[in-house]
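Protein chains: 2
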Amino acid sequence: MQFSSILLSEAVESFSSLPGIGKKTALRLVLHLLDEEPNMTENMAAKLVKMRQNIKHCQRCFNISDNDICQICSSAKRDKSLVCVVRNIKDIIAIEETGHFFGVYHVLGNLISPIDGIGPEDIRIAELVSRVDSKEIKEIIMAISPSIEGETTIFYISKKLSHSDVSISTIARGVSFGGELEYADEITLGRSIISRVKYER
Amino acid sequence: MQFSSILLSEAVESFSSLPGIGKKTALRLVLHLLDEEPNMTENMAAKLVKMRQNIKHCQRCFNISDNDICQICSSAKRDKSLVCVVRNIKDIIAIEETGHFFGVYHVLGNLISPIDGIGPEDIRIAELVSRVDSKEIKEIIMAISPSIEGETTIFYISKKLSHSDVSISTIARGVSFGGELEYADEITLGRSIISRVKYER
Numbered sequence: 765m766q767f768s769s770i771l772l773s774e775a776v777e778s779f780s781s782l783p784g785i786g787k788k789t790a791l792r793l794v795l796h797l798l799d800e801e802p803n804m805t806e807n808m809a810a811k812l813v814k815m816r817q818n819i820k821h822c823q824r825c826f827n828i829s830d831n832d833i834c835q836i837c838s839s840a841k842r843d844k845s846l847v848c849v850v851r852n853i854k855d856i857i858a859i860e861e862t863g864h865f866f867g868v869y870h871v872l873g874n875l876i877s878p879i880d881g882i883g884p885e886d887i888r889i890a891e892l893v894s895r896v897d898s899k900e901i902k903e904i905i906m907a908i909s910p911s912i913e914g915e916t917t918i919f920y921i922s923k924k925l926s927h928s929d930v931s932i933s934t935i936a937r938g939v940s941f942g943g944e945l946e947y948a949d950e951i952t953l954g955r956s957i958i959s960r961v962k963y964e965r
Numbered sequence: 765m766q767f768s769s770i771l772l773s774e775a776v777e778s779f780s781s782l783p784g785i786g787k788k789t790a791l792r793l794v795l796h797l798l799d800e801e802p803n804m805t806e807n808m809a810a811k812l813v814k815m816r817q818n819i820k821h822c823q824r825c826f827n828i829s830d831n832d833i834c835q836i837c838s839s840a841k842r843d844k845s846l847v848c849v850v851r852n853i854k855d856i857i858a859i860e861e862t863g864h865f866f867g868v869y870h871v872l873g874n875l876i877s878p879i880d881g882i883g884p885e886d887i888r889i890a891e892l893v894s895r896v897d898s899k900e901i902k903e904i905i906m907a908i909s910p911s912i913e914g915e916t917t918i919f920y921i922s923k924k925l926s927h928s929d930v931s932i933s934t935i936a937r938g939v940s941f942g943g944e945l946e947y948a949d950e951i952t953l954g955r956s957i958i959s960r961v962k963y964e965r
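Sequence order for the protein chains is P and C. Going by this note's numbering, the residue at position 17 of the first sequence is 781; the numbering climbs one at a time, nothing skipped. Going by this note's numbering, the residue at position 101 of the second sequence is 865; the numbering climbs one at a time, nothing skipped.
One should not assume that every hint holds.
Put simply, identical chains are the same to the list, so a pair is met inside one copy or across any two.
What the hints assert, rightly or not - Capping the alpha-carbon separation at 30 Å, the derived lysine-lysine pairs in DSSO-like fashion look like this:
| hint | residue 1 | residue 2 |
| --- | --- | --- |
| 1 | 820 | 854 |
| 2 | 811 | 854 |
| 3 | 788 | 844 |
| 4 | 844 | 924 |
| 5 | 962 | 902 |
| 6 | 788 | 841 |
Treat the hints as calculated values from the structure; they're not laboratory data.
My request is simple: use the sequences and hints to build the entire structure.
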């Protein structure tokens, strides 16, 4: 795609450097900015830069935070003895949306994946172990997606915590709500039978 | 979607104010910026602001331009007597991509649409008439998409230019290359029969 303006072409290039934004979409976004008042673009740019320069990671749970300790960790309403271990902050947002969790989090940052060169020391396992060793934590819920990397990570963490008497659970694996049995893969379906739940009548 | 960071939430808000970008996509883009170096965000922001503040419209054809006269209008290789009339700069980019047009352009900015309150005086028809009156132009190609608004605009412009001897054509309407006849709408198919082209053998 060729443009008769270098300014335009640089702006399109910027947007299309973002994941999932192609040249056509980038052009559409730039033309939208041109249709709007200049201060709309200036505000947007200022907010992105401010966010990138000032955002921190919570020193306790490594969630994204405006302060040294995030809103969740500093809330008096949250149970500090219950920790949900997640891969990244997208998982925190998803779990918060459910409204079913009232503990705090621990963000690993990634999962162990030897194939991608990600070892246990590359993710925040040592930090989790030291949080457990501080004796504040009673239960850990592993909210890690079921995959080879996820299972490896859970197994490694559980070994690392074998000296402690903290209780470890994983989120339930099973057929999705509204999911059809015939479309569930055999591992999910197999586990949902093994982990069957007593029907209360 | 709720975030534990105001900075994050403002950045997501900014991205999702763009057309076609929802909250989930906006979050994905912001998390990408967080994964990259801060200067990536700063560069992007600077380029968008620079573009928005400095971009001009070509004083001749109203294409987007870095200077008072755009690259196309100021090129010695382009035929200034042949003007292609388009709705917006996206159309210019599409036509330039074909590599089949060597004249110059005139950007109307919109099409006449009484239902949306857009009259002939809201689009750049007067400017086109004065370009024609300056006697430089021999032929006008209306590259306007076939719709009620497009046909109205073409009709209005042709009336406004009836005093001049400039030749006016429209781009050919017909079945797309590779298009199946059975899927073509009846107006397109009807026109493609009326405007049939002699087969050279």
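Which numbered hints fail
none
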